[in-house]
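Going down the list, the protein sequences come from chains A and B.
The opening position of the first sequence corresponds to residue 1 in this note's numbering, with each subsequent residue numbered one higher.
The opening position of the second sequence corresponds to residue 1001 in this note's numbering, with each subsequent residue numbered one higher.
These are computed hints drawn from the structure, not numbers from a lab.
Keep in mind that the hints are not guaranteed to be accurate.
Computed list of lysine-lysine pairs in DSBU-like fashion (alpha-carbon distance at most 30 Å, straight line) [said to hold, decoys possible]:
| # | chain 1 | residue 1 | chain 2 | residue 2 |
| --- | --- | --- | --- | --- |
| 1 | B | 1022 | A | 70 |
| 2 | A | 70 | B | 1036 |
| 3 | A | 99 | B | 1041 |
| 4 | A | 70 | B | 1019 |
| 5 | A | 26 | B | 1036 |
| 6 | B | 1022 | B | 1036 |
| 7 | B | 1040 | A | 26 |
| 8 | A | 99 | A | 26 |
| 9 | B | 1041 | A | 70 |
| 10 | B | 1041 | A | 69 |
Every value quoted in this text rests on a predicted model; they were computed, and no experiment measured them.
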Amino acid sequence: SQQGEEDPQALSIQEGENATMNCSYKTSINNLQWYRQNSGRGLVHLILIRSNEREKHSGRLRVTLDTSKKSSSLLITASRAADTASYFCATDRSSNTGKLIFGQGTTLQVKP
Amino acid sequence: ETGVTQTPRHLVMGMTNKKSLKCEQHLGHNAMYWYKQSAKKPLELMFVYSLEERVENNSVPSRFSPECPNSSHLFLHLHTLQPEDSALYLCASSQEMGQPQHFGDGTRLSIL
């Protein structure tokens, strides 16, 4: 069964704007991870947030986690054309530790 | 950028052929993974190896056969594939299961 579901499926913004992507999941987790995938390339790990954390920052990235709502958000501030990619959330479930379940992803287009 | 190398990058084969995909990591990681990525579908975990032992076989058809001869190498042997097996096959590794994964750029497989 699908654990992570991203919303929206596609997002188009202008350079300099902020981009927000959401992820919902169904079962309790150890951690939630966000990945980026550029066209024709593998996934690149961006940030990991543990179940006992509520917010985490890395450069222009800000991730929040609400375990009561089983949801997470990824905010990219001051977006750049190079941020154009697909973004995936992945959950490490408490019941099946170590095997990440990925969502379908959000495709982000940043227009110069 | 990636410490995980996959070969070949592209592969076209007939349904009766036998081929192998190769994955190599020199990151000192203990866990390695095979994923299938199809259009419009979430990333599907196929196999997981931890310390060279297979710990997951996600109901993958027997026409896919993994092999992990040592902690740095992972193979996916292919035999009598079907057209629906056409996809991007991604290899990943992590220090331990559940930790951030490093992905290769994948093998784009087309079955004729």
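Tested hints:
| no. | hint | result |
| --- | --- | --- |
| 1 | B:1022 with A:70 | violated, 37 Å |
| 2 | A:70 with B:1036 | holds, 26 Å |
| 3 | A:99 with B:1041 | holds, 18 Å |
| 4 | A:70 with B:1019 | violated, 42 Å |
| 5 | A:26 with B:1036 | holds, 22 Å |
| 6 | B:1022 with B:1036 | holds, 14 Å |
| 7 | B:1040 with A:26 | holds, 20 Å |
| 8 | A:99 with A:26 | holds, 15 Å |
| 9 | B:1041 with A:70 | holds, 21 Å |
| 10 | B:1041 with A:69 | holds, 24 Å |
Hint violations for this structure: numbers 1, 4, all remaining hints satisfied.
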